[in-house]
Amino acid sequence: MKTSNQLLLLGMLSALSPAAAADGTIPAGVDISKWKCESCKFEKGTSGTVDVGAGSVSDKSAEFGQYNGLYEKGGYFIGDADVRSRGEDGAYWNLNASNLGLDTRSVDAEGGKQGSYKLRLKYDETPHRIWDGAQTPFSGAGGASLTLPAGFAAGTTGAMPLAGAMQSVDLYTQRNQLGVGASWVRSKEWEYGINVRHETREGNILRTGGAFFVNTAQLVDPVDYVTDQVDASASYSGKKFQLKLAYYGSKFSNGNHSLTWQDPYTPVNGETMGQLALPPDNQFHQIQASGGYQFGDKTRGSADIAFGRMTQNDNFLPSTLNATLAVPGLPGSSLNARAATLDANLKLSSAVTDKLRLSAAYVYSDRDNQTSQAAYPSVATDMFVGTARTNLPYSYTQDKLKLSADYRASARLRGSVGADFDTHKRSYQDVDKTSEDTLWGKLSSRVTDKIDLTLKLAQGERRFSGTYQVVPEITPPENPLLRRFNMANRTRETAGLRADFALMENVNFGLGVDSSDDKYSDSSIGLTSARDLSYNGDLTVAFSARTSMHLFANRQEIKSKQAGSQAFSSPDWFGETKDTIDFFGLGLKYVAIPDKLDIGADYGYTASRSEISVNNGASDPSFPNITTKLNSVKLYATYRMKENMSLLAGYWYERYDTRDWMSEGVGPATIPNVLTMGLQSPQYKVNVVRLALRYKF
Amino acid sequence: MTIKKLLLAALLSGFAFGAAAADKPAEKAAEPAPPPSMGTEYTDAGADTCLMCHIEGGDFPVFAIFKTKHANRADKRTPFAGLQCEACHGPGKKHADAGGGPDGINSFESTSFLTPQQRNKFCLECHENSTRIGWHASTHDANNVACSDCHKIHAERDPVLATVTQPEVCYKCHRKERADFAKPSVHPVRFGKMSCSDCHSPHGSTSTGMLVKPTVNQTCYTCHAEKRGPFLWEHAPVAEDCTLCHHPHGSVNQARLKKNPPLLCQQCHSVAGHPAVAYTPAGLPGGSGAGQAFLLAGSCLNCHSQIHGSNHPSGAKLMR
Numbered sequence: 000m001k002t003s004n005q006l007l008l009l010g011m012l013s014a015l016s017p018a019a020a021a022d023g024t025i026p027a028g029v030d031i032s033k034w035k036c037e038s039c040k041f042e043k044g045t046s047g048t049v050d051v052g053a054g055s056v057s058d059k060s061a062e063f064g065q066y067n068g069l070y071e072k073g074g075y076f077i078g079d080a081d082v083r084s085r086g087e088d089g090a091y092w093n094l095n096a097s098n099l100g101l102d103t104r105s106v107d108a109e110g111g112k113q114g115s116y117k118l119r120l121k122y123d124e125t126p127h128r129i130w131d132g133a134q135t136p137f138s139g140a141g142g143a144s145l146t147l148p149a150g151f152a153a154g155t156t157g158a159m160p161l162a163g164a165m166q167s168v169d170l171y172t173q174r175n176q177l178g179v180g181a182s183w184v185r186s187k188e189w190e191y192g193i194n195v196r197h198e199t200r201e202g203n204i205l206r207t208g209g210a211f212f213v214n215t216a217q218l219v220d221p222v223d224y225v226t227d228q229v230d231a232s233a234s235y236s237g238k239k240f241q242l243k244l245a246y247y248g249s250k251f252s253n254g255n256h257s258l259t260w261q262d263p264y265t266p267v268n269g270e271t272m273g274q275l276a277l278p279p280d281n282q283f284h285q286i287q288a289s290g291g292y293q294f295g296d297k298t299r300g301s302a303d304i305a306f307g308r309m310t311q312n313d314n315f316l317p318s319t320l321n322a323t324l325a326v327p328g329l330p331g332s333s334l335n336a337r338a339a340t341l342d343a344n345l346k347l348s349s350a351v352t353d354k355l356r357l358s359a360a361y362v363y364s365d366r367d368n369q370t371s372q373a374a375y376p377s378v379a380t381d382m383f384v385g386t387a388r389t390n391l392p393y394s395y396t397q398d399k400l401k402l403s404a405d406y407r408a409s410a411r412l413r414g415s416v417g418a419d420f421d422t423h424k425r426s427y428q429d430v431d432k433t434s435e436d437t438l439w440g441k442l443s444s445r446v447t448d449k450i451d452l453t454l455k456l457a458q459g460e461r462r463f464s465g466t467y468q469v470v471p472e473i474t475p476p477e478n479p480l481l482r483r484f485n486m487a488n489r490t491r492e493t494a495g496l497r498a499d500f501a502l503m504e505n506v507n508f509g510l511g512v513d514s515s516d517d518k519y520s521d522s523s524i525g526l527t528s529a530r531d532l533s534y535n536g537d538l539t540v541a542f543s544a545r546t547s548m549h550l551f552a553n554r555q556e557i558k559s560k561q562a563g564s565q566a567f568s569s570p571d572w573f574g575e576t577k578d579t580i581d582f583f584g585l586g587l588k589y590v591a592i593p594d595k596l597d598i599g600a601d602y603g604y605t606a607s608r609s610e611i612s613v614n615n616g617a618s619d620p621s622f623p624n625i626t627t628k629l630n631s632v633k634l635y636a637t638y639r640m641k642e643n644m645s646l647l648a649g650y651w652y653e654r655y656d657t658r659d660w661m662s663e664g665v666g667p668a669t670i671p672n673v674l675t676m677g678l679q680s681p682q683y684k685v686n687v688v689r690l691a692l693r694y695k696f
Numbered sequence: 000m001t002i003k004k005l006l007l008a009a010l011l012s013g014f015a016f017g018a019a020a021a022d023k024p025a026e027k028a029a030e031p032a033p034p035p036s037m038g039t040e041y042t043d044a045g046a047d048t049c050l051m052c053h054i055e056g057g058d059f060p061v062f063a064i065f066k067t068k069h070a071n072r073a074d075k076r077t078p079f080a081g082l083q084c085e086a087c088h089g090p091g092k093k094h095a096d097a098g099g100g101p102d103g104i105n106s107f108e109s110t111s112f113l114t115p116q117q118r119n120k121f122c123l124e125c126h127e128n129s130t131r132i133g134w135h136a137s138t139h140d141a142n143n144v145a146c147s148d149c150h151k152i153h154a155e156r157d158p159v160l161a162t163v164t165q166p167e168v169c170y171k172c173h174r175k176e177r178a179d180f181a182k183p184s185v186h187p188v189r190f191g192k193m194s195c196s197d198c199h200s201p202h203g204s205t206s207t208g209m210l211v212k213p214t215v216n217q218t219c220y221t222c223h224a225e226k227r228g229p230f231l232w233e234h235a236p237v238a239e240d241c242t243l244c245h246h247p248h249g250s251v252n253q254a255r256l257k258k259n260p261p262l263l264c265q266q267c268h269s270v271a272g273h274p275a276v277a278y279t280p281a282g283l284p285g286g287s288g289a290g291q292a293f294l295l296a297g298s299c300l301n302c303h304s305q306i307h308g309s310n311h312p313s314g315a316k317l318m319r
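Chains as they are written, first to last, in numbering that gives the first Met the number 0: chain H, 0 to 696; chain B, 0 to 319.
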């Protein structure tokens with residue numbers, strides 16, 4: 000009886016065909032001529048909000064302002080707008096603008112005639128502040144050539160005349176993106192679209208090292224990138240069949256192709272300058288076809304195929320700037336690199352019965368690096384001519400088959416099982432092929448009307464085919480006992496549990512546990528085990544219609560073990576890492592005066608502790624903990640002064656403390672053979688206040 | 000595996016109870032009420048019928064729909080160009096005659112008598128195109144996610160479609176990711192400059208993790224095209240999969256690395272000489288041992304700074 004009712008329901012759902020009704024085809028027997036929609040408040044004219052105000056930042060901090068634009072001390076302008084207009088015959092436009100007073104500003108405008116065409120203009124700025132006031136003795140930071148004062152070079156950093164030579168430089172990048180787009184609804188079935196984006200990225204970033212044999216220096220890398228991207232598509236939407244044809248193009252250009260720097264150390268064997276290759280210009284073009292077909296009411300299939308081509312043909316830099324070395328000629332003036340990509344998938348899903356759904360998906364992904372191989376004369380850090388090296392154009396192929404079944408035993412109980420078969424093939428690597436089979440199962444139960452439980456378990460076994468052998472082209476060779484973790488035999492077990500409780504009508508409580516265990520039992524050198532375990536809980540309470548609270552907490556532990564061999568034989572040292580991360584958040588909202596005053600507060604706390612030990616049996620294996628602690632408090636209020644005027648106020652306090660032995664106390668001259676920029680663990684305490692008027696129209 | 004056994008043992012009774020409890024209400028009722036079902040008749044006056052009860056400021060406010068694209072009558076594809084509210088919610092007479100309630104109508108609520116797939120069918124009738132061609136059998140579909148779990152249709156601006164507000168919608172289920180984006184080294188999601196859908200395609204895709212592009216790397220290259228190459232000297236794991244070394248959501252380590260060097264690098268490099276050496280705390284400033292250059296500042300990257308690949312003829316060791 001129950002089943003027949005459900006079948007009847009499905010039948011009715013199929014027959015309803017809301018799309019047919021919406022596009023003007025009204026179901027037979029339905030007369031909507033009297034459906035005047037007189038109570039409908041269709042929107043006309045222009046409306047929106049504009050916010051204007053000012054804010055103030057108490058302290059300068061690149062870390063605090065890394066992506067939010069608030070990295071400078073002092074005041075800033077607040078300007079936001081959300082405006083919309085609705086005209087006749089579907090004409091409309093929307094304008095959203097935010098953070099106009101900061102270099103995180105964004106403007107997004109869209110307009111057109113709904114159902115006919117759409118135009119879009121988007122401008123967005125994203126800063127990434129890395130470090131203010133980095134210290135470097137090099138002049139020319141931000142350019143392609145870094146020079147030192149005369150007589151600077153010395154045997155060690157301690158002997159260099161740093162005091163009089165150091166200059167301050169800010170490390171940052173600024174992305175500005177301008178996008179324009181258009182789409183045209185040609186008919187009920189066909190729609191065309193194009194989207195073009197032009198992005199510039201400028202600034203200075205840390206180049207971790209420019210080395211001369213055992214001596215090295217941190218450098219400032221110039222960033223002058225331009226990326227142009229195009230998406231164009233034609234989409235067909237039929238009742239049973241849908242199709243999308245698309246093109247994606249991406250072109251990257253770098254304003255600098257090399258970074259040249261003067262050796263700060265006493266020259267060896269004639270070298271005085273080094274040169275690094277900066278990211279080369281490159282392009283990627285891809286055409287894609289996606290289609291879906293509805294085989295009756297119960298079965299649907301879809302397929303997707305994309306052909307792409309990456310190319311890169313920047314002129315080679317010389318093998319060395321050391322004119323005293325006799326270096327054989329290069330095999331060509333540029334690489335003429337090209338890699339073809341082919342990505343395809345096929346999916347089929349069927350509601351075999353009203354309770355049972357079956358799905359199958361096959362995914363194929365191939366990156367075929369067709370770049371020619373050649374022997375390249377090699378110069379070791381501009382000092383010595385070495386043996387020629389042959390480039391290894393890596394190719395990758397992945398085949399993946401996923402099968403699953405979902406069974407709804409009752410309205411309260413549902414179970415799923417599945418199997419994934421994942422194969423990777425690689426060229427010029429330690430193994431040619433790995434295969435991973437994963438079985439998984441999931442149970443979801445509404446135990447009572449107030450308790451939901453979900454459990455998911457999975458186990459995967461990955462094995463490589465043939466023998467694991469070091470890549471002969473790579474010299475000197477790796478330890479034959481090494482098993483690289485992305486190709487090593489591995490057992491992966493994952494588990495996840497979620498429990499949600501509706502404790503009372505207005506109180507919801509949830510608990511979750513997720514665990515992932517990797518065992519590399521056949522690996523004696525390299526990664527041998529990894530584990531990720533996290534617990535989380537959340538609580539939402541609506542105390543009343545005016546007061547609500549949400550709370551969430553999460554603890555995560557990430558552990559791993561690895562082994563190495565100084566003797567280049569069996570393992571003789573062991574490394575362990577354990578990261579513990581605690582996260583807690585609390586939010587409160589309160590309608591203090593209905594229709595007049597809303598207030599709220601958010602508190603966030605994140606603390607992490609990284610414990611690292613390296614045990615070779617010779618000394619204390621434990622490093623000092625690397626720690627971070629972030630405390631953040633935000634208070635906000637909206638006071639409605641008049642129907643169309645509100646006052647917005649906000650206060651934000653944030654404090655960040657870190658300890659990291661990798662950088663702590665490491666000044667430019669701390670390491671005799673590494674000239675650093677002295678970047679330290681960031682710390683800050685910053686207060687931000689903001690006040691703005693919102694005008695609504 | 001202990002934790003899984005514990006979880007399994009603790010829960011089996013709960014699931015069993017869930018299964019057993021499924022039919023209990025029906026067993027207890029002397030005359031079982033008919034199960035809820037969709038109505039078959041439309042209302043007499045369309046939206047005007049609905050809006051008699053669904054008034055502004057009421058318990059079930061709906062008027063924000065008139066600020067959305069669904070209520071643009073000039074666009075003949077939209078619900079309000081046709082069957083109005085009932086285009087999406089189904090024939091409403093039964094619901095209206097009963098004075099409201101969950102029976103007879105697609106409420107799109109999680110408490111609806113309709114399954115998520117049945118609720119979604121109303122949306123997919125119009126929207127199963129473009130990026131949603133592969134919605135079926137996607138991870139979200141397989142996990143019984145309903146369109147209305149993420150989308151707020153009766154809202155002037157759907158929060159899941161705005162960069163700043165979207166993550167909170169995703170975090171409702173993806174709680175671990177909420178914690179990830181609170182870590183020290185993250186993509187700028189918590190700063191409101193990036194949203195989940197910049198990388199992920201929630202309506203289904205061909206790639207692992209429902210990415211917007213077919214592979215992890217193709218997705219990363221949309222913002223990091225400088226790392227695309229192909230380079231003369233490629234670093235094999237870099238060309239294969241950025242996530243072998245980086246955690247895209249967040250990490251406690253610099254540059255979203257899964258682990259700090261040198262241990263990160265020594266998972267895969269054991270060449271005789273300095274790559275194979277155990278770098279212990281003796282190499283810290285003030286320590287007794289050597290090896291500071293391999294341990295501090297950029298560690299391995301102090302020299303091998305071209306870790307993403309090099310196009311320099313002498314860059315085989317990723318030092319030029």
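If you are wondering where the hints come from, they were derived from the structure by calculation, not from laboratory data. Using N, Cα and C, we set each Cβ at its ideal position, and we do this for glycine too. Please note that the accuracy of each hint is not assured.
Per the computed footprint, the stretches of chain B lying under chain H, defined by three or more beta-carbons under 8 Å from a beta-carbon of chain H, are [as the list claims (entries may be wrong)]:
id	region
1	36-49
2	284-298
Just the calculated beta-carbon pair ranges, DEER-fashion [what the hints assert, rightly or not]:
id	chain 1	residue 1	chain 2	residue 2	range
3	B	K171	H	S618	34 to 42 Å
4	B	L160	H	K518	55 to 63 Å
5	B	G286	H	Q166	37 to 45 Å
6	B	L160	H	K588	41 to 49 Å
7	H	S144	B	K151	50 to 58 Å
8	H	L177	B	G286	19 to 27 Å
9	H	I473	B	H126	15 to 23 Å
10	B	K171	H	K449	16 to 24 Å
One side only, chain H facing chain B, incomplete, derived with CB under 8 Å [said to hold, decoys possible]:
id	residue
11	F41
12	G44
13	T45
14	Q217
15	L481
16	G525
17	N615
18	S662
field: Hint numbers not upheld by this structure, sorted from lowest to highest
entry: Failing hints, ascending: 3, 4, 5, 6, 8, 9, 12, 13.
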